[in-house]
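Can you build the whole structure from these sequences, using the hints too?
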Amino acid sequence: MDEIFDIFLLEAIINGILFGGVLALLSLGLNLIFGVVDVVWICYAELVMFGMYTVYWLAGVYDINIFIAALGAIALVSVLGWLVHVLIISPILGTAPINQLLATGGLLFFLQSVATLMFSIEFRNLGLRLPILEFSEMYFSYARLLAFGVALVGMVVVYLFLTRTYIGAAIRAISQDREIMVLMGVNAKKIYWVTASIGGGLAGLAACLLVLQYDVHPFVGISFGPITFIICVLGGLGNMIGGFIAAFILSIIISIGGLYSEIEWGYVFAFAFFIVMMFIRPQGLLGKK
Amino acid sequence: MLDLKGVNAGYGSFQALFDISLNVKAGEAVAVIGPNGAGKTTLMRVISGMTEPFSGEMEMEGKSLSSFPPHQIVELGIAHVPENRRLFPGMSVEDNLKLGAFAKTARSDSAKNLEFVYELFPRMKERRSQLAGTMSGGEQQMCAIGRAIMSGPKLLLMDEPSAGLAPVVVQQVFSLVRRIREEGYTVLIVEQNVQQVLQVVDRAYLLEAGQLIDSGKSKDLLESDSVRKAYMGL
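Taken in sequence, the protein lines are chains V and U. With the numbering used here, the residue at position 20 of the first sequence is 20, and numbering never jumps. Counting from 1 along the second sequence, just add 1000 to a position and that's the residue number in the numbering used here.
It cannot be assumed that every hint is accurate.
[To be verified] Here are the simulated EDC-like cross-link-like pairs (lysine to aspartate or glutamate), alpha carbons at most 20 Å apart as the crow flies:
{"#": "1", "chain 1": "U", "residue 1": "Lys1025", "chain 2": "U", "residue 2": "Asp1225"}
{"#": "2", "chain 1": "U", "residue 1": "Lys1125", "chain 2": "U", "residue 2": "Glu1094"}
{"#": "3", "chain 1": "U", "residue 1": "Lys1219", "chain 2": "U", "residue 2": "Asp1202"}
{"#": "4", "chain 1": "V", "residue 1": "Lys189", "chain 2": "U", "residue 2": "Glu1075"}
{"#": "5", "chain 1": "V", "residue 1": "Lys190", "chain 2": "U", "residue 2": "Glu1075"}
{"#": "6", "chain 1": "U", "residue 1": "Lys1025", "chain 2": "U", "residue 2": "Glu1057"}
{"#": "7", "chain 1": "V", "residue 1": "Lys189", "chain 2": "U", "residue 2": "Glu1052"}
[To be verified] So these bits of chain V aren't anywhere near chain U, every CB distance computed over 10 Å:
{"#": "8", "residue": "Ser136"}
{"#": "9", "residue": "Tyr159"}
{"#": "10", "residue": "Leu183"}
{"#": "11", "residue": "Val186"}
{"#": "12", "residue": "Glu262"}
Everything labelled a hint here was simulated from the structure, so no lab data went into it. We treat Cβ as the ideally placed atom computed from N, Cα and C, and that holds for glycine.
And the structure:
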């Protein structure tokens, strides 16, 4: 009895880690945008929803090769991210932070409504049945393994971009001293554009990975938006490494919590953990001040 | 090299500079001296594009600065070492230097310039992976000057390089300024440390309450009674 229980626990932990990969990817995108532009995109998960629909329509309905569909979704959401910045954020950048929250919050409902009008509230999925991997009496879905692997690769690519290129260095620098960037010859507007597009692209990549595992519907963002936001806050808003760690902490808590009862209880435990942590470290795990 | 004619500038409704005209010739080192609040920092910020002037003409090698967006001023060969150094504290020394070479015109020479900066400041090479914010004030000043050199400038603007440093370090900073001159850079420096700055520059302007009230060769200013009284407490 004991042995079987341990195997379940191990399976839950590993599944938690696998689930954490996509959450880490999402939090990286949100943190990146917050770190550079100093705005939280409340509607970030709704961009993911549009990415999921793109893959669904291209691959599921029009029968286009799934890899091309995925690239199309990443490109489309990347452009969406850029548009969110240019049309919504840019005009109100200098104003009170509450305006930006209200604007991106409003955009969340707008995007949900647009999706409802365009696609109806029907739940749709690709109908893919990826096999399940069995490994010493533990079961892992290939969709999840694939999502974890691709998310990791995506994060490594972003890491290399941020550390090896001039634009990447400027992206890391801009939050430390915005005013001085002009002396480095950096056009801040362009850095914002690049960041918003990368943030969108990451949402698009996450969408490709999520649509393999979940149904898409206009309100699917609710499943990922709040948890992504909480991960970013737990890690220290704007701190990408903090977000990475927090993603795995919370996903493991959700997974283990789900083992003892329903998966929804896993979320309850995770949110309770988050609330307690906010009393202990209000600035987040790796946040400053 | 640098020509300012009738520049007025400030912030909002507050005017900090009134009708400033000055010039710096290639190869020269020129100081602008004056008390706190005289407008020295504003002058530097206006030239490097950080603050937009109200009116006036500014030219670098015959090109009007007002026809370039602020982030392209550095591409004309003007590098600004800002007040309080303003490094990126959470980034390594090498990342800070790399950002100095962000401008398109600077990237092709960045490896060469980096080597030059490390030769000029061997300490920076030792500390290249250290976070800039954890270094001493003098070292941070080296890094800030190095970052400016990375852009491959012709003219270096230095805003109070000795501010906030211990007296011994202030000495080092002025010998740094001298080194930079010897390397052939044209320098425009603003300082409160009048006695010491006058020993490393050729000429100086006196700035008071936003207006240039006097100018002359360093030697003459050092001997001038009014300057000695007003700025050196002698």
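Query - Hints breached by this structure - result: The structure conflicts with hints 1, 10, 11, although it agrees with all the remaining ones.
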